[in-house]
Structure formats: structure tokens, C-alpha cells
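Visitor: Chains as they are written, first to last, in this note's numbering: chain D, 1 to 172; chain R, 1001 to 1906; chain X, 2001 to 2426.
What the hints contain is simulated information worked out from the structure, not anything from laboratory work.
Among these hints, one or two may not hold up.
What the hints assert, rightly or not - Think about it this way: if two alpha-carbon atoms lie no more than 27 Å apart in a straight line, the pair counts; the simulated DSS-like pairs of lysine-lysine are:
id : chain 1 : residue 1 : chain 2 : residue 2
1  : R       : 1130      : X       : 2407
2  : R       : 1131      : X       : 2415
3  : X       : 2138      : D       : 47
4  : X       : 2194      : R       : 1085
5  : D       : 34        : X       : 2187
6  : X       : 2138      : D       : 43
7  : X       : 2142      : D       : 47
8  : X       : 2138      : D       : 88
9  : R       : 1398      : D       : 35
10 : X       : 2373      : D       : 35
11 : R       : 1481      : X       : 2077
12 : X       : 2326      : D       : 112
13 : R       : 1059      : X       : 2194
14 : X       : 2425      : R       : 1130
15 : D       : 159       : X       : 2326
16 : R       : 1130      : X       : 2410
17 : X       : 2425      : R       : 1131
18 : R       : 1131      : D       : 112
19 : D       : 34        : X       : 2077
20 : R       : 1132      : X       : 2420
21 : X       : 2194      : R       : 1003
22 : X       : 2187      : D       : 15
23 : D       : 47        : X       : 2187
24 : D       : 12        : X       : 2187
25 : D       : 34        : X       : 2138
26 : X       : 2077      : D       : 35
27 : R       : 1131      : X       : 2420
28 : X       : 2077      : D       : 43
29 : R       : 1085      : X       : 2373
30 : D       : 35        : X       : 2407
31 : R       : 1130      : X       : 2415
32 : X       : 2425      : D       : 34
33 : D       : 35        : X       : 2194
34 : X       : 2194      : R       : 1398
35 : R       : 1398      : X       : 2077
36 : R       : 1357      : R       : 1490
37 : D       : 34        : R       : 1398
38 : R       : 1398      : X       : 2187
39 : X       : 2425      : D       : 112
40 : X       : 2142      : D       : 34
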Amino acid sequence: MSQQVIASTATKARKLSAEEIAEIEHEMTLYPDKKAVGLEALKIVQKNQGWVSDESLFGIAEYLDIPVADLEGVATFFNLVYREPVGKNVILFCDSVSCWIMGCESIKGHIKQQLDIDYGQTSEDGDFTLIPVPCLGDCDRAPVMMVGPDMHRNLTPEKIDSIISDYKNKQD
Amino acid sequence: MAKIVIDGVEYEVNPDNNLLQECLSQGLDLPYFCWHPSMGSVGACRQCAVTQYRDEDDKEGMLVMACMTPATDGAIISLEDKQAKSFRSDVIESLMISHPHDCPVCEEGGECHLQDMTQMSGHNYRRYDKKKRTHRNQYLGPFINHEMNRCITCYRCVRYYDDYAGGTDLSAQASHHHVYFGRHEEGVLESEFSGNLVEVCPTGVFTDKAFSGQYSRKWDLQTAPSVCVGCSVGCNTAPGERYGTLRRIVNRYNSEVNGYFLCDRGRFGFDYVNSRKRLLEPVKRVDNTGELLADDEIKAVIKEFSREGTIGIGSPRASNESNFALKTMVGDENFFAGYSDSEHESMAAILTLASDKTFHSPSVREIEEADAVLILGEDVTNVAPRIALALRQSVRNKAMDLASESRIPQWQDAAVRELAQHERSPLSILSPAVSRLDDIAADRVIESLPALVAMGHQIANKISGSAPAATSAEHDAAAEKIAAQLKGAKRPLIVAGSSNGSDLVKAAANIARALHEDGEKAAIDLCLLVPEVNSIGMGLMAAEENSLGVALDKLSSSAAKRVIVLENDLYRRASKSQVDSALDKAEKVLVLDQVTTTTTAKADVVLPVTAFSEHEATYINYEGRAQLSFQVHQCQKMAQPAWRWISDAAHIDDVIERCCSEAPGFAKLRDVLPGGNPFIAGMKVPRQSHRYSGRTAMIANVNVHEPKQMEDKESIMSFSMEGISAQKDPSIMASPWAPKWTSNQSISKFQDEVNGELKQGHVGSLLFEKTDSGAYFDVPAATVQPSGKQLHLALSYQIFGSDELSARAEPIRERMTDAYVGICPEDAERRGLAQGDVATITPTGAPVVVCIRTGVKPGTALLYCGDANISPAEFTGFLEIEKSAARATSRGIANLIVSDFQEEEI
Amino acid sequence: MVTKPLTKNIDMSRPPLDIAGYEANEGYQSLNAIAKGLSPEDVLQLVKDSGLKGRGGAGFPTGLKWSFVPSGDNSPKQKYLVVNADEMEPGTFKDRLLMEGDPHLLLEGMLIAAYTIQASKAYIFLRGEYTVSEQALKKAIKEAYKKGYLGKNILGTDFDLDIIMHTSAGRYICGEETALLNALEGKRANPRAKPPFPQVSGLWGKPTIVNNVETICNLPGILTYGVDWYHGLAKGNDHGTKLFGVSGKVKTPGCWELPLGLPIRELIENYAGGMQDGLELRGFLPGGGSTDFMLPGHLDITLDYDEIAKAGSRLATGTMIILDDKTCPVGMVGNLMKFYAHESCGFCTPCRDGLPWVDQIFRDFENGLGSEKDLQILHDHVTYLGPGRTFCALAPGATAPLGSGLKYFKEDFEKHITEKRCSYKH
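Just chain D, with the same shape it has in the complex (with noise of 0.2 Å):
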């Protein structure tokens, strides 16, 4: 499949970073088609990268040779793929049904008024984007929040609180 550019387009691609390249090679070895290492780098360059810059999904479309309009039609299709900026770190806000009836409404709204951030918004420091996602499996334990890779479950105000500080703190 090869792609066709317009001659006089200038290439808007990132170069990616041998890490980047290195990882994806290794996906290349686990999938016998370039389309599904397509979504892998996604995910990869979102892993280094934070997002999914318009240069990142050009230098992934470019290194594979897939059609970059193939590679947006993945990206913008999945819930976890960011094609725009976030926060050092995503919450990933559960707000399913049994979150729903464990009070997570009002849970979402302490977090939106510690941070001043609605779904979809970035703090103003740079520190939190909040995401709505969907049940997240733990409902046993309900409402439950991610930030980054962690879990955070029975949910109350005052955890919510301390889970804010406790990330500034990390960071700093």
C-alpha cells in the first residue's frame, strides 16, 4: 500500500525517536499487518508523547506507510487515543451506573470545583485532564477514579483531596 502525497505538500511528520521506532519495530514482530502496528504507535507515541500531535500521527503514517486519513480514522475512534494535549496526568473518571448510584456525581463535582476543570478540560496548571470513561470494573467498589496508571476506589471528597496533593506532591 503506498501512500500518495501531494508533491508540493512540506511533510509535517515528527520524526520519531528511536525508542518510539524501537518499540514499534517490536509490535511489527507481533502483528502480521502494518495497520494493527498503525494503532500500536498510536498508543506508543501517546506513552511518550503524552498525546497524539498531528507531526506524531504524520511521522507514524509516514514510517509505516499507511494513509495518514486511515491512521486519523483509528485515532479518533477510540476513547484513549488524545489527539489533543492533557494534563501530566488523565483522570479517568468513572461515571458508569453502579459509580452513578454509589454518588459519583457528586464526587465529579468536588474534582471539578478543586480543579476548575469540566470533562474534556485541562487544568490550568497543566496538572489534570479530566475524562469521563466507562465502567471501569471495579464496582464492588464504587465510585472509582484512574489517574495515570493507578486506581483509586471508594471515592469520597476528602480521598479526592488528598489524591490531588498527593500527585503535585510526586511531581514536585
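Following the hints, position chains R and X against chain D.
Guide: Okay, now just chains R and X, sitting in the frame of chain D:
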């Protein structure tokens, strides 16, 4: 055949098809969106739901999607069942939730499949009272508008653009009810077939941008069946005219030729017809200015040119009738071919092969049936684009075979693609540079032209030992593989053409002959492409010895005194010095043309000629298929068909009749005329729809009394809305319309069966009689190697620009590039050339843009002549390039779409 | 006698057993049987005889599913096993426990399944958010390779298996097996038409089996302890044990491995400790978000696939969501509708365009803007989005709580209209 019961009536159906297709084939009204006759089923829209019953005792039944259900023998279904009907109405209600209902300002209105289906499904009251979701639109280039809010998310656009046409820059994005169809960012849609989106989209998301600027409703357009004059494929079109100007071109279904699709050159390359730069008055040259000719003066001119000592030069872009009239006027021996001598040589070979029983020239539909293809040296996408689209379908035959093995119906589009993955029928491309079909090629060999010829012969020899041998050690393995693939195929196809000389044509013929000999197969598909709409027609008329070079020599040597040049710019066909000397020497030069050219500037008398939409004409396509193109509208000024200026014939049918009986090879041309008694109840077929509006008002600024409609004394069509509409005879139907079906999807009402021939339809008439059985061509003697700084020359073509007339259309001009030479990075470096530099080429010294491409054979230069005054005839196989101090030319090569453009590092 | 084959090794207060610990507790025994000559056909027969049904939600017999995979010399050489570990059904939290608690059990099960269908490559399609599961599984896979349980010529047989971890980029629809395959191929995760079924043309067009984590985890026990033992585990008509969970306002929400066939009452009252003080049971979704509401009157029905079906719902994932009398049923259904509307892949019309309308109506109800007309539209959508009408089971799943909610909590809907507010909000 299977028997199924639909609403109590038994039908004989094809069990290999799905229920939707069979319902439509039976003429039933069943609404649908995502299904398309050429793209099969995916089951996305859920619009074609019907109730299926287990057996006669089952009164409940269950809903099934007709497009996803096979028409199994014994099936009992109902379209009318209440639950099916109400579900279909609910689906429309859903689709309409965010639709803007902007029909009054939408270009699709009046020929909108969504409008039709909404009416048909009985959804007529809007219950949704919440906010609509909205989208942002994108700039998609000069051809296509984007209005995403109208989208009903049927996925047809991406299935067509990506899956069917091989495009890579349109995709479905986002999810749930935010699904968006667009490019990854704004920009020109790159596919050469993007225009079909206008017709594939069931509503007004993708519309014709050029048309928008001078919009008219479908029912207000005067239209007639026409044939595209953009290349030699002869796609059937329906041009539409309003207020004296040509407004748009849409596809006209022909089961053998273009089916449902056109290329963008054909769709968007017409507006030179409306140009002020057209030749519209007869003029003579007096002291370097034009002076209008009076009628009697014209008569005198014609009389003068009828005398002894006049030669005529025909035109591959003029109709059979005009070429024939010229030939009759000047006499057979004085009628000369109007294409270059190199093309003449190729054409001689092509015409000889045309009557050879060994070969079959496949129609576009037949090309789709090929299960192994070899393209020898031809850039199909840029020379005969519609065939490139057909080749894309041919490689899917492997997928169809795999599907049959796994008992997956062929119409299960997504499932067949999933099963086959990257498995394709073999398609091999042998060419001097990478091409736009490489993504589907199993094998690709990039070589200089002489090496390609040698390799062609080598393949022939590997298929059958009796073919003359040639060796090219370097590609022995590839040749072996290709030979085996072709031998192993049920329906192999060899594609070549006249773009780069006759040697490739001959090598291709030898391969086909070898296949014929080896397999004792029926005639082998040999598709030989020629560049222009009537290259074949004119070629048939000119005697083999009457080449353009001979004609020019006659003039230069004063062996002939006068010359009539028919619709031709000779400077595109022969070297400048040759043409200059001939025209300077000629006593008098008469040029008949539609547009001003370098040649008309040299004429003593110029007579204006009608454009394709302004006259009735016949053309012969690459396969020898004669087709009739009706007049759509009248020329507002004084242009006439060329044959009318130069012959006494009163009626085109008379010219065709004479041509049939007098010109060898044209005996079957009369078959294209509407047969029997074409007049229904003595009435003509109207070019205007029954809803045509404003007839009284449209010239009220000139005359408030509505004048009598202009009479058409020649054809069976009238410039009127009165008469019996073409619905009675699809063979003279321009744009289909049926009750409840205002969009192009109404075509199913006129087909024998879905994707079949039109009911009374005419697919044209194949002229060639297969009478001979020839012999192998010899392998050409080893060619001279380039010396010093020389590079092998390979002529290169562009879909937007290489055709003389469409290159004058505004939308096409926005996509054109300047003349360029394409060379590989090593050759560029050796000459100190950088990407985008201006260079001069020897021998002409013309300036061209340097285009460095990684996929060009080292030692070979591609030369694209563009609309610069560079005649390919100046070159004899070699080229020298030198850096020039000249500034970049007007457009540069920004619009060039190639996969191997060498990007500069940043 | 092992009575809890799925969770016998699980103790969430410590890290999961490593391979040595797992083996010490009769782990990887099934591989020895295979090494000793148990053929794929034999295993298939055992699984068929066991009566194991898929634990992902649909409850399709596992052995039957496997038997559709073409076998023999003419069948495609490459076949795939895919484990559906994309747990995202609202209110479902059972696969997480298995993967975090005993990853080797899953690997052993995968070896059995892959051997049976002769797949040399298996993918675990893991939910991206399950970071702890990912680490546990990665570690276990590494150990299994080291031990020779994965890779080439496993235990000296000619059976090869590679297991590849794939973490998803997140979407509920990926739990639909064909959408999952598209996601694994790096495509937009729209479901595929069936037929052709994945068993014939699945991942990259090759024969593929997709099984849920819990289903796979049933296999080692069946091979190690036998079919009779397996049949002996259950109390009702179905076989084996199952993970059951309870969430919502009960005293001790959690997840337990129990024999199939227990009365629902026992689960809620004994295991989950009954309702929190001051609350009454109003209703419950028996197996995740895509099941019909059941009422307190249904408490004596047993946890059997068929018994629950008779009561008009589905056992599905076996994880219950409890609705109490102080929680608004309209709000609860509305929360689910928002979820389904957002998680629709956008491929077929009713789901893509119908669910957002339903969602919008619930938002209006919540804000006191509901009307009788809207209520009628909700009712219409229960039919419109029903089974057979949409491309896959996502929207029909949404109609389960919607339809039953409209039926059982009619007065709540009407109260929202007449009072122009949600009376549960204070």
C-alpha cells in the same frame, strides 16, 4: 434460478444475489442507502428491512435486511408487512434527526436519493425537537464541495473512495453519532475519481463545486446522451445545459463501458465549451487581424479549397463525420492522419491487430473480469483513467474466488475483503517509473523503454517457445513469474498503448499471441490504449502511407498548395520547424477548430466548429466501439459541425450512411443510430424534462413573447419539454428518472437486472471484423545507447493537462502542473539539479521544471509536455537536460500527485 | 475436592501465585495430559461434554462454538485464539479479579483452547485501563515461556503457541467479538456481519475463536478434574461455577465464585449482606447493564441461564447492579443510555442515531423537561432498537434496561413529567 415469494407473488431470482438486489431487479420499490450496485452490501443503514417468513404457516415473520440476506430458493418475504414498513419509516426518522432539511439551497435537491427514500418510506412528520449535531466542513479542492451536516452516515463515500477506487485520503473518523467523513486535514482530494463521490453520496454532502457556481436543478437542465471526449475510453455522459452554457457532466450508465463511474477529467473538463476564447465566428486573416467572413466569402473559400492541390489533415479529436467529410472533400489520397508520426506507427500496428482473430479488445466491463494482468509501459491512470479504475476491480477476482471457496456470497463486501486481506489477482506493471496503480501490483519492474520492450518479448518467449526470443538477464526471474501467472490465468489481459511508440505495442501483441498459442484459449484480451476520443476512427480513415510527416513534406515541397486542418493543433503533433515550414510554404491554410491554437494563428481562414455538446457525432473508442453522442444544446454563435462547413450533406444521418458505405471498416457504424421507428407516436424525444421551468421567462430580457422552440431537424430529439420522454427508451435517455426515483439510482428501473444492460439499451457497435490471423512481430534490433549526457526519454502524461481541450477547463487548470522532466536523484545530482529547478531540454531548449522522483529508472527521463509548447515529436528517444537560469514557470509542479516525489529533509 | 476452580488460588491480599506456586497447586496439569497424547478432538469432546457455556454474556456453548473451526489438511494453516479481556459491561467486575488474581489460570486455559483448535497464535485483548492485569499477565507469560509452556514444541509435542498481549485503546464495542477483531487488526472497531462467523473468517480472515476470560479459566479444571467433577459443581441445570458479583447500595458488595443454580436471594442477602440500612431493594439488573430489570419478587429464582431467561432477563455476566428505593430508576436507566449512546460505534443507523435521541430525552427528564411525547418516543425505541434490527447486540442490549425500566418504573417516569423534576433529588 430460485423461486421466491414476495408479498404473495412468485418471482424467479438469482440465488447468488441478495434480496435487495433481486427486489430491485424485479422493479420493486425497496428503499436503501448503503448498498450500491457496484459495491455490494455491508448492512449499515438498515433501510432495506423486509419481513421474512419461515414458511407459509409463519404469520409473524422476522425482520431481515434485504441487502444482507441471500435470495434463497423458497424464501417468503414481504415488503409491505406492517412491521417492515414501520421500521423503514423509523430508520428514516433517525437519519433525518440531524439532517438540515436545507433542500431548497442544496445542490442535490431534485435528484436526491435521500429525498426519494424519505418519501418512499413514508416518514413525513418530524418528532425530533432536540438540538441537531453539527459538523465543520473541509476544503477538498476545486472539484468537490463538502457539507457534512447533510450526512446520513451511510459509509458509501469511503467504501467507494477507498475500497473501490483505491483512494487513501478520505476516511471515516470519530464514532457514535459524531462519525465524520473527510480528509485528515483540509486539502485536495487526491483520487482521479473523486468526482464520483457526487453521485455515490445519496445526499448533498459531496457536490460538484464547479456546478455550484452556475447551479441549476436537474429538471431545469437540458440534456442528451453524450460521450466523453476526454480520452479513448468513450465513457457515456449526460451533460447538462442551461441559459446557453454547459453546466455540468454526470455519468450515464453503459453496462459495457463506464458503468456507474467517470474520471475527474471527464466530469470536470468541459468548460472550455463556455469559454470566451472559443472560436465562434468565421474569420479570414487580413494583415494580421481577423476579419469576419460573409456567407458568400465562405462559399468561395470552400470552393477554392475543393480544387486540386488541396490536402486535408484529419483529427483524432474530431468526429467520424467531420473526418469523413474532409476525406471526401480532398480525396482519399489527400487525406492525412492528424497525429504524430510516432503515433501513426503505433496506430498502424494497433489497427492491424484489431482485425486479428487472435486478440480480443476487451470492454471496460471485460477488463474487470481479468484474473491476471500485465501492463506493458503504459501509464493507464493518466492515459485512460476509467480503465485504471476497472483494473482495480480486476485484481479483486482472487478475493471473489476465495469467497466462493469459503461460501461467502460475493456481495458480502466487507466479509469478502476481510477474508482476502491482501490477496489479489496478479497484476504486473512494467514501466519506466512508478505509477498510480502500484499499490495493487503484485510485480513491478522499472526499466528504460528499450529494456521494457526486450522484457516483453522475453515474457512472450517464455510463454511460447515459438515467439521470437529476447533476453534481459536482469529480470529473468520476474519475466518467468509473469509468464507463469499469465499462462495460469483463466482470463489474462495484456495492456499496452501508443504512448511511447510501437515497439511496446508489438511486444504486448507477441505476449498475447504466445498465450493464445500456448493455451489454445479463445481470443486473448489485448487492450491497446490510444490517446484521444477518435484516434481509432481517424486512424481507420487515413491510408497507412498518409502520415502527418508526409503531409507536411508535401506542403514544404509545394507538392500541395493548400491545406485544410481539421480540429488540430499541428504544433502538438510535429516539430515546430516542420510545421512552420509547411504552413509558411502553403499558399492557403484553412483551419476548422473549436478553440484558438498556435495553428489557428497561422491560418488564412478559420471556421468555428461546434464542441462535443453542440453537435451530434459518432466516435470510435479504443476497442473499436462506435458510439453516438447526441447534441445537448445549440451553439449560441456561428460555430457548426466541421462536416457541415465542408460538405453539402444536409443531415448527419446522410453523412453516417455515406461513411458506412464508403469508408472501409465503418460498415457497422449505422448500428449506433436509433433503430426501427425511433419516433414514439410520431413525437420526438425531449431534451428537457417534463418539469423544465422558466421557458417563457429565460429570454424575457430579449423578447417577452416566447418564441417558438428551436427545431432540431436532424436528430430524434427536440429542444423542448414536449414529446415522449426517454423513459420509454433508455437508449436515448440522458439522465434516468422514474416515478418515486429522481436520483441516478433510478437507473435500476431501466436495467435488465441490476448491473445489467439497459432494457432497450445500446452499448454501441463494435466495428472491427475479425478476419486475419497474423504472425509474431520481430524483436527490434538493439537500440542505440544514450551517449554522453543523454537520457532515455519516456513520455509522461497527466490526467489533468495532457488532453488538449479539457486542459482549458478552469477546474482542471487548478489541478495542472507545468511541463516537467522526471529524473531519479542520481541523475539529478550528476547534473547539479535540485527539486523544482528550471531546466532546459535539448533539442528544443524549452524550459521545464525538474521533478526528482525516486521511482524513475536511472538513465531515463520522463517528459511531461504539459500545456507548454513542447511537441513530443521533437525528440527521438533521447533527451538532454541542463540547468537553466530561468525562473520557475507559472504553476510549478505543486499539483503533481506521485508517490515517489523526493521530499527534502527538514 | 476443589469446589472453587476459578478462584482457588486467588487471595487479593497478596500478589498472584508465580508459576511455581501455581504448579504446586495442580496448575498446568492439563498440559501433561496433552503431552501424553490427548488429541485436540478428545479435548473438544471433553469441553462439549462439560456443558460449559460462554461466560462473556451470551452464554453460547463453548464446545459447539469451537467445533465450527475448520480442521484437517485443507483448512487454513493459521488459526487464532483471541481472549476477550475487554471487560467494560457496566457493573461488571469479574474478569479483572481472575486476571489480577491468578493469571496463570488464564494462560493454562488458553493453551487448552489453542491446542483444541490448533491455533499457534493467541492474543489477549485486554482493556487498556486494566494496568494491574496487564502487569500480572505479562509476568506470567514470561514465566510460561521460560518454563517451555509457551513457544515452540510445547512439552516436546509439535504444538506451538505464542501469546501476545494487546491492550485496547478503549471502546465498549470492542467487547463484541467481531468488533474486537477489527480493533485487533488496527481498524475502527465496527462489528462485522455474521455470517461469515469468526470461526471461518476471523482475525485477518483466518479461522478464529474469541472466548471470554472466565470461559477460558473454566478449562483447566475440566481437563484436570474431569467432566463429572465439573457437573458436580453446580446446583441447577447449568454446569460449573461462575463468578457472581453484586454492586450498588448493599452492605458488602463484592465478587464470589459460586455454583450455578443458587437462588438470587442467597447471593444478595448472604454474600452481599443485604441492603444498606434504611434502604429497600427496588430492583436489580442480574448480569450487567445489558440485562432486563428484575424485581424483589424474582429473588427466589435460581442463578441459571434458563431460569433467569424465563423471568424475562438474562444471567449474562452474572454481576448484579442493585437499585435501591432512594435512587431514581429513571436516572439509573438514563445513565445507562448515556453510556450506550456514547459507546455506539456509529455504524448502523438505529444505534447511532436512535440512542442519542433516547439519551437526550433522559437528560430532559432529569431536568424536568420530559413530556408524554418523549415517553412515547422512548417506548418506540424499545422496539426500534430491538434484536435483529441493528447490526450488532449493542443497542438491543440497551433496550433491556430501557424496556424493562419503562415497564417496571412507569410511575417514576410519569412523576418526572407531572412534577417537572426528579423527586429523588433533594
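Visitor: All hints, please: hold or fail.
Guide: A quick look at each hint next to the structure:
1. For the proposed pair residue 1130 of chain R and residue 2407 of chain X, the alpha carbon gap of about 25 Å is at most 27 Å, so the pair holds.
2. Using a Cα cut-off of 27 Å, the hinted pair residue 1131 of chain R and residue 2415 of chain X holds, with the two alpha carbons roughly 25 Å apart.
3. Only pairs whose Cα atoms come within 27 Å are accepted, and residue 2138 of chain X paired with residue 47 of chain D is accepted, the gap being roughly 18 Å.
4. Annotation: proposed proximity of residue 2194 of chain X to residue 1085 of chain R holds, straight-line Cα distance about 24 Å (limit 27 Å).
5. Restraint check for residue 34 of chain D and residue 2187 of chain X: the C-alpha separation of about 11 Å stays at or below 27 Å, so the hint holds.
6. Between residue 2138 of chain X and residue 43 of chain D the CA atoms are separated by roughly 17 Å; this keeps the pair inside 27 Å, and the hint holds.
7. Of the supplied pair hints, the one linking residue 2142 of chain X and residue 47 of chain D holds, its CA atoms being roughly 22 Å apart against a limit of 27 Å.
8. The hinted pair formed by residue 2138 of chain X and residue 88 of chain D meets the criterion: a straight-line CA distance of about 26 Å does not exceed 27 Å.
9. Proposed proximity of residue 1398 of chain R and residue 35 of chain D is supported: the alpha carbons are some 21 Å apart, at most 27 Å.
10. Between residue 2373 of chain X and residue 35 of chain D the alpha-carbon distance is near 46 Å, which puts this suggested pair outside the 27 Å criterion.
11. Note on residue 1481 of chain R and residue 2077 of chain X: the hinted pairing holds, with a Cα-Cα distance of about 25 Å set against a maximum of 27 Å.
12. Of the supplied pair hints, the one linking residue 2326 of chain X and residue 112 of chain D holds, its CA atoms being roughly 25 Å apart against a limit of 27 Å.
13. Pair hint residue 1059 of chain R plus residue 2194 of chain X holds up; C-alpha atoms about 26 Å apart against a cutoff of 27 Å.
14. At most 27 Å may separate the alpha-carbon atoms for a hinted pair to count; residue 2425 of chain X and residue 1130 of chain R meet this at roughly 24 Å.
15. Using a Cα cut-off of 27 Å, the hinted pair residue 159 of chain D and residue 2326 of chain X holds, with the two alpha carbons roughly 24 Å apart.
16. At roughly 23 Å between alpha-carbon atoms, residue 1130 of chain R and residue 2410 of chain X fall within 27 Å of each other, so this suggested pair holds.
17. Restraint check for residue 2425 of chain X and residue 1131 of chain R: satisfied, since their Cα atoms lie roughly 26 Å apart, inside the 27 Å limit.
18. Only pairs whose Cα atoms come within 27 Å are accepted, and residue 1131 of chain R paired with residue 112 of chain D is accepted, the gap being roughly 26 Å.
19. The hinted pair formed by residue 34 of chain D and residue 2077 of chain X meets the criterion: a straight-line CA distance of about 21 Å does not exceed 27 Å.
20. Between residue 1132 of chain R and residue 2420 of chain X, the direct Cα distance comes to roughly 24 Å. Compliance with the 27 Å bound is thereby established for this hinted pair.
21. Straight-line distance between C-alpha atoms of residue 2194 of chain X and residue 1003 of chain R comes to about 24 Å, which keeps the hinted pair within the 27 Å bound.
22. Between residue 2187 of chain X and residue 15 of chain D the CA atoms are separated by roughly 24 Å; this keeps the pair inside 27 Å, and the hint holds.
23. Taking the CA atoms of residue 47 of chain D and residue 2187 of chain X, the gap is near 20 Å; set against the 27 Å cutoff, the hint holds.
24. Under the criterion of a C-alpha separation no larger than 27 Å, the hint pairing residue 12 of chain D with residue 2187 of chain X is consistent with the structure, at around 24 Å.
25. This hinted pair checks out: residue 34 of chain D and residue 2138 of chain X have alpha carbons roughly 23 Å apart, not beyond 27 Å.
26. Our distance criterion of 27 Å between C-alpha atoms is met by residue 2077 of chain X and residue 35 of chain D, whose separation comes to about 22 Å.
27. Distance hint between residue 1131 of chain R and residue 2420 of chain X is fulfilled; the C-alpha atoms sit about 20 Å from each other, no more than 27 Å.
28. Between the alpha carbons of residue 2077 of chain X and residue 43 of chain D the distance comes to roughly 31 Å, so the proposed pair goes past 27 Å and is violated.
29. Restraint check: the Cα-Cα separation between residue 1085 of chain R and residue 2373 of chain X comes to about 22 Å, which is no more than 27 Å; the hinted pair holds.
30. Only pairs whose Cα atoms come within 27 Å are accepted, and residue 35 of chain D paired with residue 2407 of chain X is rejected, the gap being roughly 46 Å.
31. At roughly 21 Å between alpha-carbon atoms, residue 1130 of chain R and residue 2415 of chain X fall within 27 Å of each other, so this suggested pair holds.
32. A distance of roughly 52 Å separates the Cα atoms of residue 2425 of chain X and residue 34 of chain D; the hinted pair therefore is violated under the 27 Å criterion.
33. Straight-line distance between C-alpha atoms of residue 35 of chain D and residue 2194 of chain X comes to about 23 Å, which keeps the hinted pair within the 27 Å bound.
34. A threshold of 27 Å between alpha carbons decides the hint, and for residue 2194 of chain X with residue 1398 of chain R the separation of about 22 Å falls inside it, so the pair holds.
35. Taking the CA atoms of residue 1398 of chain R and residue 2077 of chain X, the gap is near 19 Å; set against the 27 Å cutoff, the hint holds.
36. Restraint check for residue 1357 of chain R and residue 1490 of chain R: satisfied, since their Cα atoms lie roughly 18 Å apart, inside the 27 Å limit.
37. This hinted pair checks out: residue 34 of chain D and residue 1398 of chain R have alpha carbons roughly 21 Å apart, not beyond 27 Å.
38. Restraint check for residue 1398 of chain R and residue 2187 of chain X: satisfied, since their Cα atoms lie roughly 23 Å apart, inside the 27 Å limit.
39. Our distance criterion of 27 Å between C-alpha atoms is met by residue 2425 of chain X and residue 112 of chain D, whose separation comes to about 20 Å.
40. The straight-line distance between the Cα atoms of residue 2142 of chain X and residue 34 of chain D is roughly 25 Å, inside the 27 Å bound, and the hint therefore holds.
In summary, the structure is inconsistent with hints 10, 28, 30 and 32 from the numbered list given earlier, while agreeing with the others.
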